[in-house]
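Undergrad: Listed here are the chains, written in short residue letters.
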Amino acid sequence: IYDRAITVFSPDGHLFQVEYAQEAVKKGSTAVGIRGKDIVVLGVEKKSVAKLQEERTVRKICALDDHVCMAFAGLTADARIVINRARVECQSHRLTVEDPVTVEYITRHIATLKQRYTQSNGRRPFGISALIVGFDCDGTPRLYQTDPSGTYHAWKANAIGRSAKTVREFLEKNYTEESIATDNEAIKLAIKALLEVVQSGGKNIELAVIRRNQSLKLLESKEIETLVTEIEKEKEEEAEKKKQKKST
Amino acid sequence: MALFDVSGYKSHAGLRGQILGTGVGHLVDRPNQEFAVPVGVDPSGFLKSCSREGAVSIDLNHGTTTLAFKFRHGVIVAVDSRASAGSYIASKEANKVIEINPYLLGTMSGSAADCQYWERLLAKECRLYKLRNKQRISVSAASKLLCNMMLGYRGMGLSMGSMIVGWDNKGPGLYYVDDNATRLSGRMFSTGCGSSYAYGVMDSGYREDMTVEEAYELGRRGITHATHRDAYSGGVVNLYHMQEDGWIKVCKEDVSELIHRYRKGMF
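Residue numbers (this note's numbering), protein chains in the order written: chain A, 63 to 310; chain B, 732 to 998.
No lab work stands behind these hints: they were computed from the structure.
One or more of the hints may lead you astray.
Taking lysine-lysine and the BS3-like style, the derived pairs with C-alpha atoms no more than 25 Å apart in a straight line are [stated by the list, open to error]: (1) B:Lys-995 <-> B:Lys-855; (2) A:Lys-218 <-> B:Lys-823; (3) B:Lys-980 <-> A:Lys-99.
Computed far set for chain A versus chain B, every beta-carbon distance over 12 Å [as the list claims (entries may be wrong)]: (4) Gln-115; (5) Thr-158; (6) Lys-303.
Cβ coordinates follow ideal geometry from the N, Cα and C atoms, glycine included.
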């Protein structure tokens, strides 16, 4: 039963199973990651829950260790497995090496795991892309992205999931030294990026930050609402200024 | 990784046994190790039977004095160079320090074969770590790797007492690792059958604020006096100094000359 490969090459060099997995990722809810100077931010689009469903059980941002966390886009069930393996590896590393993992190390571990599943008998690739953020021992902030093929890259800011392209284009235009100058500015940039594609504003956004030498903090909906109001105010002020310029 | 094996997480291959049904399950005891050990074999029992009176005697190379201590200016490592097999001196210039990399040293006492093999394997793992992680391995991680290797063969008759000495970004590091998988961090260790003599000399002469020359002399004296009283230690003193920018080999002096020099102060 386990002697047949499922992920095989096509004549023109594609691994279709991996590409189909990437399609599954594109259907998942959007996630955005931003690397600031003293802060790293993860934001995800919260899909609306059914009336009777408890909100707490659907969490898309997960801590892997005190200083690293990740958000994913794609199949939630697959993500649970990957996150669990990553958590075990973080502790295993602490046990063997007597040091916390670097963000690159745990990303490499996750990526190697994903690649193994593209080259194993009887298995299909994981249908998730992950954004992994955190701080290394020496205080450097990091943001990495992995995808179902098992590749990983470091980013200053990135988005995955539905409309990731739109969000990434927004980030390319708006990620500047000024826009991440303070922690608050970096958080607002993440919210602004998500607002491009999320309907009905702040209550559909889940946000988490890690500051240097601190653990993961999930922002409360009140805090997010406050920031969204701030952003809308700034937008109005910008629009006013432009109107005045045009009229004079 | 260690925790992964211990945590009971069954990988896909492990489940296959449950699905298809197993008799013995494994052909080897403790799979996923360097050496496959057939089920039911007891190496340490066999070794004990070899050292009995009247039986064929296999005396493994034992007998050494090694020492290491931390002080203000780094870590001093001193070892003797006699390799003995029972009462036969197999070599007077054995090398009991393995230079793992410019920032890591390992000493050897106990069975020469075990020490040489496992510490060379440790050197391989340290090199692989550096290639994979683009960073030199820390002293605590290197000593942990050696300790876990010993743990895999616990109770099977390995004999190794080693000190892992290095300098990493936590500062100077000194760990004692032995065949029981004991791993201790400390400021001063000595191993081998001449270790008691070496401890006596080190304990009476040690000061944290010694100068570098005083520390070299303390290391030399520790080994020399141990070789003087212990039949299984002798040869030359190999002295190393672990500094912030790596280790240096300080000297290699014959103990018979050293003991004559010290004799002027004795009797």
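Undergrad: Evaluate each hint against the coordinates.
TA: Hints versus structure:
no. : hint                    : verdict
1   : B:Lys-995 <-> B:Lys-855 : 46 Å, violated
2   : A:Lys-218 <-> B:Lys-823 : 60 Å, violated
3   : B:Lys-980 <-> A:Lys-99  : 44 Å, violated
4   : Gln-115                 : 30 Å, holds
5   : Thr-158                 : 5 Å, violated
6   : Lys-303                 : 48 Å, holds
This entry does not satisfy hints 1, 2, 3 and 5, going by the numbered hints stated previously.
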